[in-house]
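K.L.:
What follows is each chain in one-letter form.
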Amino acid sequence: MSELDKFAPSPLTPLPQVGEGNEVKKLKVATTSLAGCFGCHMSFLDIDERLLELVKLVEFDRSPLTDIKHCGPCDIGIIEGGLCNAENVHVLREFRANCKILIALGACAVNGGLPAQRNHLSLATILEEVYHAQHGLVDGFIPNDPELPLPLDRVHPIHEVVKVDYFIPGCPPSGDAIWKVLTDLLAGREPELGHGLIHYD
Amino acid sequence: MTTNLETAAHPEALRRVAIDPVSRVEGHGKVTILLDEHNKVHQVRLHIVEFRGFEKFIQGRPYWEVPVMVQRLCGICPVSHQLAASKALDAIVGAKHVTPTAEKNRRLMHYGQILQSHALHFFHLCSPDLLFGFDSEVAKRNIVGIAEQHPETAKRGILLRKFGQEVIRHTAGKRIHGTGAVPGGVNKSLTIAERDILLKDIYQMVSWSRDAVHLVKQLHHQHPELYNSFGAFRANFMSLVGFDGSLDLYHGRLRARDENGKVLFDGVDYQNYSQIIAEEVKNWSYMKFPYLKSLGTEKGWYRVGPLSRVQNCDFISTPLAEIERRDFVAYSGVMPMHAPLGYHWARMIEMLHAAEMIKDLLHDDDILGSELMATGERGFEGVGVIEAPRGTLIHHYRVDEQDLVTMCNLIVSTTHNNQAMNEAVRRVAQQYLHGHEVTEGLLNHIEVAIRAFDPCLSCATHALGKMPLEVEVLDAAGLNLSTLSRTSEGVLS
Ligand code: SF4
Numbered sequence: 000m001s002e003l004d005k006f007a008p009s010p011l012t013p014l015p016q017v018g019e020g021n022e023v024k025k026l027k028v029a030t031t032s033l034a035g036c037f038g039c040h041m042s043f044l045d046i047d048e049r050l051l052e053l054v055k056l057v058e059f060d061r062s063p064l065t066d067i068k069h070c071g072p073c074d075i076g077i078i079e080g081g082l083c084n085a086e087n088v089h090v091l092r093e094f095r096a097n098c099k100i101l102i103a104l105g106a107c108a109v110n111g112g113l114p115a116q117r118n119h120l121s122l123a124t125i126l127e128e129v130y131h132a133q134h135g136l137v138d139g140f141i142p143n144d145p146e147l148p149l150p151l152d153r154v155h156p157i158h159e160v161v162k163v164d165y166f167i168p169g170c171p172p173s174g175d176a177i178w179k180v181l182t183d184l185l186a187g188r189e190p191e192l193g194h195g196l197i198h199y200d
Numbered sequence: 000m001t002t003n004l005e006t007a008a009h010p011e012a013l014r015r016v017a018i019d020p021v022s023r024v025e026g027h028g029k030v031t032i033l034l035d036e037h038n039k040v041h042q043v044r045l046h047i048v049e050f051r052g053f054e055k056f057i058q059g060r061p062y063w064e065v066p067v068m069v070q071r072l073c074g075i076c077p078v079s080h081q082l083a084a085s086k087a088l089d090a091i092v093g094a095k096h097v098t099p100t101a102e103k104n105r106r107l108m109h110y111g112q113i114l115q116s117h118a119l120h121f122f123h124l125c126s127p128d129l130l131f132g133f134d135s136e137v138a139k140r141n142i143v144g145i146a147e148q149h150p151e152t153a154k155r156g157i158l159l160r161k162f163g164q165e166v167i168r169h170t171a172g173k174r175i176h177g178t179g180a181v182p183g184g185v186n187k188s189l190t191i192a193e194r195d196i197l198l199k200d201i202y203q204m205v206s207w208s209r210d211a212v213h214l215v216k217q218l219h220h221q222h223p224e225l226y227n228s229f230g231a232f233r234a235n236f237m238s239l240v241g242f243d244g245s246l247d248l249y250h251g252r253l254r255a256r257d258e259n260g261k262v263l264f265d266g267v268d269y270q271n272y273s274q275i276i277a278e279e280v281k282n283w284s285y286m287k288f289p290y291l292k293s294l295g296t297e298k299g300w301y302r303v304g305p306l307s308r309v310q311n312c313d314f315i316s317t318p319l320a321e322i323e324r325r326d327f328v329a330y331s332g333v334m335p336m337h338a339p340l341g342y343h344w345a346r347m348i349e350m351l352h353a354a355e356m357i358k359d360l361l362h363d364d365d366i367l368g369s370e371l372m373a374t375g376e377r378g379f380e381g382v383g384v385i386e387a388p389r390g391t392l393i394h395h396y397r398v399d400e401q402d403l404v405t406m407c408n409l410i411v412s413t414t415h416n417n418q419a420m421n422e423a424v425r426r427v428a429q430q431y432l433h434g435h436e437v438t439e440g441l442l443n444h445i446e447v448a449i450r451a452f453d454p455c456l457s458c459a460t461h462a463l464g465k466m467p468l469e470v471e472v473l474d475a476a477g478l479n480l481s482t483l484s485r486t487s488e489g490v491l492s
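Protein sequence lines correspond, in order, to chains A and B.
Just so we're aligned, residue 0 is where the first sequence starts under numbering that gives the first Met the number 0, counting upward by one.
Just so we're aligned, residue 0 is where the second sequence starts under numbering that gives the first Met the number 0, counting upward by one.
Hints are computed from structural coordinates only; laboratory data are not their basis.
Idealized CB from N, CA, C, for every residue including glycine.
Among the hints, erroneous ones may be present.
[Unchecked claim] Only pairs whose alpha carbons sit at most 16 Å apart, straight line, appear in this in silico EDC-like list of lysine to aspartate or glutamate:
1) K68(A) with D19(B)
2) K173(B) with D200(A)
3) K29(B) with E5(B)
4) K199(B) with E147(B)
5) K24(A) with E52(A)
6) K281(B) with D47(A)
7) K154(B) with D47(A)
8) K99(A) with D47(A)
9) K68(A) with E136(B)
10) K29(B) with E146(A)
11) K27(A) with D74(A)
12) K154(B) with E52(A)
13) K55(A) with D19(B)
14) K298(B) with E279(B)
15) K139(B) with E58(A)
16) K281(B) with E5(B)
17) K154(B) with E48(A)
18) K281(B) with E146(A)
19) K173(B) with E193(B)
20) K29(B) with D144(A)
21) K199(B) with D359(B)
22) K68(A) with E439(B)
23) K173(B) with D175(A)
[As the list claims (entries may be wrong)] Partner residues are not named here, just some residues of chain B that face chain A (Cβ under 10 Å, in silico):
24) D19
25) G26
26) H27
27) K55
28) I57
29) P127
30) L130
31) N141
32) E147
33) I157
34) L158
35) R160
36) H362
37) E439
38) N443
Same shape as in the complex, but just chain A:
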């Protein structure tokens, strides 16, 4: 038994086999983080060594893991985070236009999550208070460069702007939950999260 075999993947859904004479066309998957903390992407990586299995079946398009900067035509798009600025809206639309299946991954994409806690405050109030009160700040003022995307006055979940095909709850959803949904989709099954895979914290 080699050193690596000690880390056997958890016994979840087996992947469809890619074998000789059985070449499957790789599905294209794009992922992005909007107003999220990257925790959902980290949880995606928590599929651990199953990532090496996954890349035999899928090809990554735009993703924080690749250097592809714009989403091309894809089979599956995965969105982490809600919408907090104009740039987020733009990227989300690019994903929706290019992806056959769009997945809202995690609390922020599903309902705004923690960033949406700013929604009960008006942007103007927040700004004015902080602009005058920030601890340790010398000569504070408001950055106004056109390179900075315009903030929205509230944080929105993504389904308010585009149609979303699947929602995976959790902050973040576990690596196992993400694996289950992806392997179901790859096998052409309707994704289902059973006991233990669905949670909201």
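Chain A is already provided as a structure; the job is to place chain B with the ligand on it using the hints.
P.N.:
Only chain B with the ligand this time, still in chain A's reference frame:
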């Protein structure tokens, strides 16, 4: 120490090239470059383009919610935020010292985090540049390409990260956004069964971490001209250092050195951080620019993170990492190493140290103890500082009689490095882009320099406000967003 490429004299006459988004980093950022008709570079800026408003909306929340809330700033280093907040809030519950079991479980969690984050950064994000070349084929320049060409390296990276995540899961209850550390201590200690599971693999992790140090060292020795000069600039540097002068990523006092390695200050109690550090704002980034007050904005900016820490401490307490530290110091010679690519080498030394620390902690029976919480006289203000994977992380809170947070100030690691990262990309633009036709491969050189810092742009977007105030129209069906504008006098409406 600074280049003069921050602001072009006549931006309107120049051509704009953007790297948007910066990829293979954690978080949201972009780089803009302004060039003239001869491809001469006139301006380069790394912008942080998102804000969250965290420091504001945490106000009015009960303090015990804070450790689990703040970690949602960042899913890459949630443990760092949870620990920095808990350390700050120890003062609120009056825990001058947490119990040995609490401190050791917190340390274990933290070193698990350092291990997983450093592994992720090196193997998943940066190894493609270092192993394939900065201008190698875009489609292959990622972890999937590494898995194809260097399968053993990819596997080790994935399994090192996995082990770190498992240490976190066993101490914090969950791999990402757990609940282990609380004001005054921890809410669980390790069980014997959990310890034994981790012990089974830790020796392998130590040995793979050592191999990783050797891999980076080899890269430096093979290409010294590239590795020593790429994006290089000289700067001050700062970190926590243990009370005995050792590399300590969990606790200690602040020490800073100038570009020659001369100590600027030492032994500073971090409760007084605001006496030595101030921040300024620039109109083109949501991320603020901190500096050492004693030196002012022009000369006072500094670097944090592995490159600073490994050169700032006097020694490393674990034997294998100490051997590597000495080797590193000997390689750089009399002067400190300032080359951004030196970050990778220093980072892998820290990963080795983290693995050794985990091994030692797992052999310490305090880790299994049952005294989890300490209390004392109720306090109203606290500062918690920790060395997060990317550098010094400062949390500062005030809490009122009703247990509600009234003030929160956060200076995250990547913010400390703001000016330094901007300097690095400007140097690279001067070294590689100036006068050349811009290509994808050349632009990736800029990103290579940013990646060396392992910036967590996710953390860095917490800052409140400082945003351009203009009308935003969102025309999605069913959405009726109110809009906001700022008059020329700066009045909000
Ligand atoms: S759902 Fe949770 S883990 Fe995912 S991006 Fe939002 S805060 Fe981070």
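K.L.:
Just to be careful, I want the Cα atoms of K199(B) and E147(B) compared with a cutoff of 16 Å; is the pair within it?
P.N.:
Distance ~29 Å between K199(B) and E147(B) Cα, so the pair is violated.
K.L.:
Next item in the hint list is G26(B). Is there a CB on chain A closer than 10 Å to its CB?
P.N.:
holds, 6 Å
K.L.:
Is the Cα-Cα distance between K281(B) and D47(A) 16 Å or less?
P.N.:
With Cα atoms ~40 Å apart, K281(B) and D47(A) exceed 16 Å; violated.
K.L.:
Tell me if I57(B) is really an interface residue toward chain A, meaning its C-beta lies closer than 10 Å to one of theirs.
P.N.:
holds, 8 Å
K.L.:
Has the given pair, K99(A) with D47(A), been kept, meaning a C-alpha gap of at most 16 Å?
P.N.:
The hint is violated at about 26 Å.
K.L.:
Any CB of chain A closer than 10 Å to the CB of I157(B)?
P.N.:
Where the cut-off is 10 Å and the nearest Cβ of chain A is about 5 Å from I157(B), the hint holds.
K.L.:
Holds or violated: K68(A) with E136(B), Cα cutoff 16 Å?
P.N.:
Holds, at roughly 14 Å.
K.L.:
For the pair supplied as a hint, K55(A) and D19(B), confirm whether the alpha-carbon distance does not exceed 16 Å.
P.N.:
violated, 28 Å
K.L.:
Classify the hint on R160(B) as holds or violated, based on whether any CB of chain A lies nearer than 10 Å to its CB.
P.N.:
holds, 7 Å
K.L.:
Hint check: K29(B) vs D144(A), CA-CA at most 16 Å. Holds or violated?
P.N.:
With a Cα-Cα distance of about 13 Å, the restraint between K29(B) and D144(A) holds, given a limit of 16 Å.
K.L.:
For the restraint on E439(B), tell me whether the closest CB of chain A is nearer than 10 Å.
P.N.:
holds, 8 Å
K.L.:
Under 10 Å is the threshold here; is the Cβ of K55(B) close enough to any Cβ of chain A for the hint to stand?
P.N.:
This hint holds: K55(B) lies near chain A, its Cβ roughly 5 Å from the closest one there, short of 10 Å.
When each numbered hint is compared with the structure, violations occur for hints 4, 6, 8, 13, 30 and 36.
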